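K.L.:
Residues per chain, in single letters:
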Amino acid sequence: MEMTDLINLLQRVALDDQIAFAKLYQQCAPKLNGIARLMVRDAEKANEVLHDAFMQIWKNADEYQEHKSEPMTWMSSIVKFRALDLLRKQGRRLEGRFNRLSDEEYLELENTLHWQKENTNTATLSLGMQTCLSQLSGDQKDAVIFAYLYGYSREDIAHIFTTSVNTVKSWLHRGVRNLQQCLTQ
Amino acid sequence: MLNPIKRYMNPDVIEHIALRYTLGHLTPRARARADSLVRLPEYQALKQEIEKQQMLLQPLHDAAPTIAPDPKIWRSLAAEITSEESNIEPLKPKPSVRQKNIGPFLSMAASVLFVALLALFIMPSEEQRPALSYVAVMTDAQNNAAIVAATYGEGQGLVLDLVNLPQIENDVSYELWVTSKTDAQTRSLGLISAADTSIIRPLNNAEWRLIKDSATLLVTVEELGGSPLGEPLGEVVAEGLCVRLSAWEA
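Same order as they appear, the protein sequences are chains C and D.
For the first sequence, position 63 (counting from the first letter as 1) is numbered 63 according to the numbering used here, and the numbering increases by one without interruption.
Just so we're on the same page, the numbering used here is the position in the second sequence counted from 1, plus 185.
Same shape as in the complex, but just chain C (with noise of 0.2 Å):
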């Protein structure tokens, strides 16, 4: 579907029309869930997340702006933060700690972010996307990933590469400063 036919069907919802909100919910829910597993790990949550962040689109369409975002950026921002409030409640989330994981809870990372891993898939990038991110350091492409499409936090991140949070930070930083210039060239 093209995009201005998902900002029509969001001006529509904005407007009481159950209809538009069907239409836009066949069209969009399957990659919003798909957004919301990769974060979450967990379909049943990952259908959780996705029936809150519904309503909210339902309840909020009257400040989609189209000329400030697309309609899939707004709608994924939705999904993004209610899939981290689901993180945080199941406190799966290391945020401002540092604590030392058990094995247990390190094989358990493991094993989540390899599937996560399994379930990304970087051809479907759009070319530019790809050729930017390529040129990223190997620790600055993993960290932004890890970050933006797996939801962990700078603690979660630490833990994953054995370094210190400050060095995720600067990763992170560079890693998005430099996919900017990167892709604005």
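In case anyone wonders, no lab produced these hints; they're calculated from the structure.
A few of these clues could be false.
Claimed, not checked - With a straight-line Cα cutoff of 27 Å, these simulated DSS-like cross-link-like pairs (lysine-lysine) come out:
no., chain 1, residue 1, chain 2, residue 2
1, D, K257, C, K45
2, D, K366, C, K59
3, C, K89, C, K68
4, C, K68, D, K237
5, C, K169, C, K117
6, C, K89, C, K117
7, D, K257, C, K31
8, D, K257, C, K68
9, C, K169, D, K366
10, D, K237, C, K59
11, D, K366, C, K89
12, D, K232, C, K141
13, D, K237, C, K31
14, D, K232, C, K169
15, C, K117, C, K141
16, D, K257, C, K59
17, C, K31, D, K397
18, D, K257, C, K141
Said to hold, decoys possible - Simulated DEER-style distance windows between Cβ atoms:
no., chain 1, residue 1, chain 2, residue 2, range
19, C, L107, D, A369, 45 to 55 Å
20, D, A264, C, Q185, 42 to 52 Å
21, C, E70, D, E265, 25 to 35 Å
22, C, E44, D, T382, 28 to 38 Å
Claimed, not checked - Some chain C residues near chain D, calculated using beta-carbon distances under 8 Å:
no., residue
23, A22
24, K45
25, N47
26, H51
27, K80
28, S164
Note that this is a predicted model, so its numbers are computed, not measured.
Glycine residues also receive a C-beta, built at the ideal position from the N, C-alpha and C atoms.
The hints should help you fit chain D onto chain C, whose structure is shown.
P.N.:
Showing chain D alone in chain C's frame:
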């Protein structure tokens, strides 16, 4: 120490906060504060930086899988939004269209006007329009939405939204069918014009009973004027369960 406004004017601070916001690395409290700040005119630089970073990173979501959600999610959403609409005092406090920025709505004015004019003749006014009573999202073989059918209240009309039906030749027609829950028979609800994207079709009493007893709705491609035998003979191009919304009471 800088006061909060000056602090948020510092480009390095703005970039830092926007990055943490976009990556989901602000605490819920800090995120809520950022959400409230960006609504204020003096924090537009922060708002723009967040939007810029979100636009930059959003394409990474193309690498996420596409996973069909559990059908119960849609059923739950449909029931909730219908229940909201059926309340006398709406739970959804939205500004009226007049209070909103009218600009984005101008592009759809023509289609809204068209539907509104049709609705004026065969359906109650928007304020009086009853809750959604039955809905069927008919999908093609690839599970993409092709056509959405819905009724409101006591079936004053069948609202059809043609999302993505394939092009057909001039010598064939689309025909809409309903399959009964009671006797599993498939009966015609008439032809659909492929030229329209939104149709409101009046229902007579017999057709309304068919909708109330329906298991599925489907669309087939038949010879011009419809199936000569009164049963589907051509290719099924869209099919979907017809769901009665639980919040609606017949």
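K.L.:
It remains to establish, for every hint, whether it holds in the given structure.
P.N.:
These are the hints, each one checked on the structure:
1. D:K257 <-> C:K45: Cα-Cα ~13 Å, so holds.
2. D:K366 <-> C:K59: violated (34 Å)
3. C:K89 <-> C:K68: violated (30 Å)
4. C:K68 <-> D:K237: holds (9 Å)
5. C:K169 <-> C:K117: Satisfied, since the Cα-Cα distance of roughly 22 Å is no more than 27 Å.
6. C:K89 <-> C:K117: Distance of about 24 Å is within 27 Å: holds.
7. D:K257 <-> C:K31: holds (17 Å)
8. D:K257 <-> C:K68: With a Cα-Cα distance of about 33 Å, the restraint between D:K257 and C:K68 is violated, given a limit of 27 Å.
9. C:K169 <-> D:K366: violated (59 Å)
10. D:K237 <-> C:K59: holds (24 Å)
11. D:K366 <-> C:K89: Outside the cut-off at roughly 43 Å; violated.
12. D:K232 <-> C:K141: holds (25 Å)
13. D:K237 <-> C:K31: Roughly 22 Å between the alpha carbons, so the hint for D:K237 and C:K31 holds.
14. D:K232 <-> C:K169: Since the Cα atoms of D:K232 and C:K169 sit roughly 22 Å apart, the hinted pair holds (cutoff 27 Å).
15. C:K117 <-> C:K141: Since the Cα atoms of C:K117 and C:K141 sit roughly 13 Å apart, the hinted pair holds (cutoff 27 Å).
16. D:K257 <-> C:K59: holds (20 Å)
17. C:K31 <-> D:K397: violated (33 Å)
18. D:K257 <-> C:K141: violated (37 Å)
19. C:L107 <-> D:A369: 45 to 55 Å: Because 52 Å falls inside the window, the suggested range holds.
20. D:A264 <-> C:Q185: 42 to 52 Å: Hint holds: Cβ distance 49 Å, inside 42 to 52 Å.
21. C:E70 <-> D:E265: 25 to 35 Å: Between C:E70 and D:E265, where Cβ atoms are some 26 Å apart, the hint holds.
22. C:E44 <-> D:T382: 28 to 38 Å: About 36 Å separates the Cβ atoms of C:E44 and D:T382, which means 28 to 38 Å holds.
23. A22: Hint on C:A22: holds, closest Cβ of chain D at ~5 Å, below 8 Å.
24. K45: C:K45 check fails; min Cβ-Cβ to chain D is 12 Å, beyond 8 Å.
25. N47: holds (5 Å)
26. H51: holds (5 Å)
27. K80: holds (6 Å)
28. S164: violated (15 Å)
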